[in-house]
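Engineer: So the chains spell out like this:
There are 2 protein chains.
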Amino acid sequence: MTTATICTIGDEILIGQIVDTNSSAIARELNKIGVRVNRMISIGDDRQEIISRLKECLEESDIVISTGGLGPTKDDITKDALRELSGAKGYRLSKGQLVIIERILSARGIRMLETNQAQAMVPDTCEVLLNQLGTAPGMAFHDLGPNSSSLYSLPGVPFEAIGLLPTLMNDICDRFRTEDISHRTIVTFGIPESELACEIADIEDSLPSHIHLAYLPNPTVGVRLRFTSFEVHTDFEEQVAQLRERIGDAIYGEGEDTLPIAIGRLLKERKATVAAAESCTGGRISELMTAVAGCSEYYNGSVTSYANSVKTGTLGVNPETIAKHGAVSEECVREMAEGVLRKLGTDFSVATSGIAGPGGGSAEKPVGMAWLAAAHKESDGTVSVTTKCVKFSSNRSVNIERFASNALNLLRLKILQTPCV
Amino acid sequence: MTTATICTIGDEILIGQIVDTNSSAIARELNKIGVRVNRMISIGDDRQEIISRLKECLEESDIVISTGGLGPTKDDITKDALRELSGAKGYRLSKGQLVIIERILSARGIRMLETNQAQAMVPDTCEVLLNQLGTAPGMAFHDLGPNSSSLYSLPGVPFEAIGLLPTLMNDICDRFRTEDISHRTIVTFGIPESELACEIADIEDSLPSHIHLAYLPNPTVGVRLRFTSFEVHTDFEEQVAQLRERIGDAIYGEGEDTLPIAIGRLLKERKATVAAAESCTGGRISELMTAVAGCSEYYNGSVTSYANSVKTGTLGVNPETIAKHGAVSEECVREMAEGVLRKLGTDFSVATSGIAGPGGGSAEKPVGMAWLAAAHKESDGTVSVTTKCVKFSSNRSVNIERFASNALNLLRLKILQTPCV
Numbered sequence: 064m065t066t067a068t069i070c071t072i073g074d075e076i077l078i079g080q081i082v083d084t085n086s087s088a089i090a091r092e093l094n095k096i097g098v099r100v101n102r103m104i105s106i107g108d109d110r111q112e113i114i115s116r117l118k119e120c121l122e123e124s125d126i127v128i129s130t131g132g133l134g135p136t137k138d139d140i141t142k143d144a145l146r147e148l149s150g151a152k153g154y155r156l157s158k159g160q161l162v163i164i165e166r167i168l169s170a171r172g173i174r175m176l177e178t179n180q181a182q183a184m185v186p187d188t189c190e191v192l193l194n195q196l197g198t199a200p201g202m203a204f205h206d207l208g209p210n211s212s213s214l215y216s217l218p219g220v221p222f223e224a225i226g227l228l229p230t231l232m233n234d235i236c237d238r239f240r241t242e243d244i245s246h247r248t249i250v251t252f253g254i255p256e257s258e259l260a261c262e263i264a265d266i267e268d269s270l271p272s273h274i275h276l277a278y279l280p281n282p283t284v285g286v287r288l289r290f291t292s293f294e295v296h297t298d299f300e301e302q303v304a305q306l307r308e309r310i311g312d313a314i315y316g317e318g319e320d321t322l323p324i325a326i327g328r329l330l331k332e333r334k335a336t337v338a339a340a341e342s343c344t345g346g347r348i349s350e351l352m353t354a355v356a357g358c359s360e361y362y363n364g365s366v367t368s369y370a371n372s373v374k375t376g377t378l379g380v381n382p383e384t385i386a387k388h389g390a391v392s393e394e395c396v397r398e399m400a401e402g403v404l405r406k407l408g409t410d411f412s413v414a415t416s417g418i419a420g421p422g423g424g425s426a427e428k429p430v431g432m433a434w435l436a437a438a439h440k441e442s443d444g445t446v447s448v449t450t451k452c453v454k455f456s457s458n459r460s461v462n463i464e465r466f467a468s469n470a471l472n473l474l475r476l477k478i479l480q481t482p483c484v
Numbered sequence: 064m065t066t067a068t069i070c071t072i073g074d075e076i077l078i079g080q081i082v083d084t085n086s087s088a089i090a091r092e093l094n095k096i097g098v099r100v101n102r103m104i105s106i107g108d109d110r111q112e113i114i115s116r117l118k119e120c121l122e123e124s125d126i127v128i129s130t131g132g133l134g135p136t137k138d139d140i141t142k143d144a145l146r147e148l149s150g151a152k153g154y155r156l157s158k159g160q161l162v163i164i165e166r167i168l169s170a171r172g173i174r175m176l177e178t179n180q181a182q183a184m185v186p187d188t189c190e191v192l193l194n195q196l197g198t199a200p201g202m203a204f205h206d207l208g209p210n211s212s213s214l215y216s217l218p219g220v221p222f223e224a225i226g227l228l229p230t231l232m233n234d235i236c237d238r239f240r241t242e243d244i245s246h247r248t249i250v251t252f253g254i255p256e257s258e259l260a261c262e263i264a265d266i267e268d269s270l271p272s273h274i275h276l277a278y279l280p281n282p283t284v285g286v287r288l289r290f291t292s293f294e295v296h297t298d299f300e301e302q303v304a305q306l307r308e309r310i311g312d313a314i315y316g317e318g319e320d321t322l323p324i325a326i327g328r329l330l331k332e333r334k335a336t337v338a339a340a341e342s343c344t345g346g347r348i349s350e351l352m353t354a355v356a357g358c359s360e361y362y363n364g365s366v367t368s369y370a371n372s373v374k375t376g377t378l379g380v381n382p383e384t385i386a387k388h389g390a391v392s393e394e395c396v397r398e399m400a401e402g403v404l405r406k407l408g409t410d411f412s413v414a415t416s417g418i419a420g421p422g423g424g425s426a427e428k429p430v431g432m433a434w435l436a437a438a439h440k441e442s443d444g445t446v447s448v449t450t451k452c453v454k455f456s457s458n459r460s461v462n463i464e465r466f467a468s469n470a471l472n473l474l475r476l477k478i479l480q481t482p483c484v
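Protein chains in written order, with this note's numbering: chain A, 64 to 484; chain B, 64 to 484.
Think of the hints as simulated: they come from the structure by calculation, not from any bench. All residues carry an ideal CB built from backbone N, CA and C; glycine is no exception. Check each hint, because a few of them may be wrong.
What the hints assert, rightly or not - To give a feel for the contact side, a few chain A residues facing chain B, derived at Cβ under 8 Å:
#1 65
#2 78
#3 87
To be verified - Part of the chain A face toward chain B, derived, beta carbon under 8 Å:
#4 105
#5 179
#6 181
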């Protein structure tokens, strides 16, 4: 099996100033093409450390991918370390990258400085991976170390590094024996990982020996079920059909789908619109819905009704409902869902009211409890509402995230009950 | 200088399923007490790999901190690797952790299984760091390797690992020569890092030799300026006074302050309330405001007016304003701020309307442009509005984040103009 080591470079990582998200993004792509990651390391901006650690990495893996240390103020360190490591005699100009640098600077209205121009200079041993999103080019060095390994150097800025990954993975597939591998990922919500494992145990047990199933849980997305086959062009139709029969409505999509993406698709199929009324989720549902580009086609907006006066005033919740049952109640969340649907003139709506914590809990309504609702305006103008009570943890941010994703799933199931137009 | 290596353990890290946030959280705390992190590594759940890599770490640093691999299904691997590495003869029961495990399981209504009980068993060479937030205890092993280093093993669940850090840092301060170090962090917003560096260059240059200044930029928070002194009990009063004189209103707090925390403080001092009207930020401002526990004291809520019908209907924006100037205009965002202030009955408000992208841009109003507004209801009932136009990148999520933080800063400056009650 082809192996890789990921090495992220930067003092800002070692002092904890930034979280290294590049390593996991790279690892995910390597995993998809069947390259095994042996190890990840993070080191500082120190020339000798960079050289000696990268040498170690080249000894243990077929592929080494480094990120960082290529900014205009730092490239003297990392780039020169790569020059030495690769046995380059000197630097050459990447005309392609220079053109990109000129374009980027002129769009920002900045004039070209010497330090910017220097970013287009690369060791004469490397192949350039043009970085369209930033000034520092990616670089590929081949036939290094005792195993003739390849070393890829990417910029540290996450969206620039991620932008270069497709090029990188193509190059790896061309040069290395990657597994004859196929993937298919089914995305589910509503059944916890451990229960899901029980429920589909016999399907998993009866998989052919070349097919493997992995559970990838995430609080916002749900549980992704990823089939991997060590044969090319496996379509997994049989396995997916078995899953659909067993856990039906818990499946909402494939691949990189999220609940807001799936909901957007369902709404477009129905030419329908949606709005949100948020109390305990404080805007998180709206943020998730609007993270999807093009959501203005079906998403009208939301009201975050943190104060009870906004619940009664803007959303039209009956003050007596709150006086009698409290703001965290089935009755209140039902009126919130109805109110925002009528107020914002949508076909569907979703609403939340709960106690995110850390304060504000009671024996009857503890921290981590919330009422969720999803509403639909029927063709006769009446509004039908589905509600659900959930209980989670004592951690405020964990609660907000789970309240939001569970409310979105309730909305998804509500939309599913109505036919497409 | 005392040195440390951080080693996170788990196959889920190497396949990119999760982002390792523990390393940066630990590094940040070590940095505060003047311990230098040499390196971070992430390895898989493989017994021999765990032993050999941890041995390497013990050779290079005074302190090794590992996280992960202690769950009920995995502790046979990591814990037994630690037993072997530390030369333990066997296991002993941590009665303290057993009591915590019983409490946690009973609160969740789960009965104790053998696998849970096994989590309270630890190698007889370790000191237990009681984990109040989860079932797996932290462990400290001392006098290991050629340099008599210490190895700390923490659970992998981030909030459990973070919960043990105060205990861990105390133990490190007791056992190791940590630097006689003082810190003070000033938080700023509104001046980009490079400009800030120019503006305060002479202050930085004239710092006494034992005081060092670091710039820690973050798109949501702003630029943190951290003073470090290699003398104890430095209060940095003189340096902070110089900064205040130079960059005055750009400073909004200290330490872990964020814009929503600072805004909350200003509003409480004025016994005032606030609301938000969000278009391009889609709920992000509301989410940031409600991430602060206790925000219900001053935060009434928000309207996300994604559709123009919500801008005109719920917020009362004049349809002619949108017809004439467009939704992304100074005129529209001004009416949004006024509308949400009146509708939600608050003293202040903040509003955004812009083009987050990737689509929807034009030559006149490109992707990355937004109008921001902050409003205040004067004592005579009139509403004064301050507006600002900003231009950022082509990346949707980057734009949303910067629109939101810049709008919050505009709100902060607006509140600052009004006296405390």
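Engineer: With reference to the structure, classify each hint as holding or not holding.
Structural biologist: Do the hints match the structure? See the list:
| no. | hint | verdict |
| --- | --- | --- |
| 1 | 65 | 14 Å, violated |
| 2 | 78 | 5 Å, holds |
| 3 | 87 | 4 Å, holds |
| 4 | 105 | 4 Å, holds |
| 5 | 179 | 14 Å, violated |
| 6 | 181 | 17 Å, violated |
Taken one by one, the earlier hints fail for this structure at numbers 1, 5, 6, listed in ascending order.
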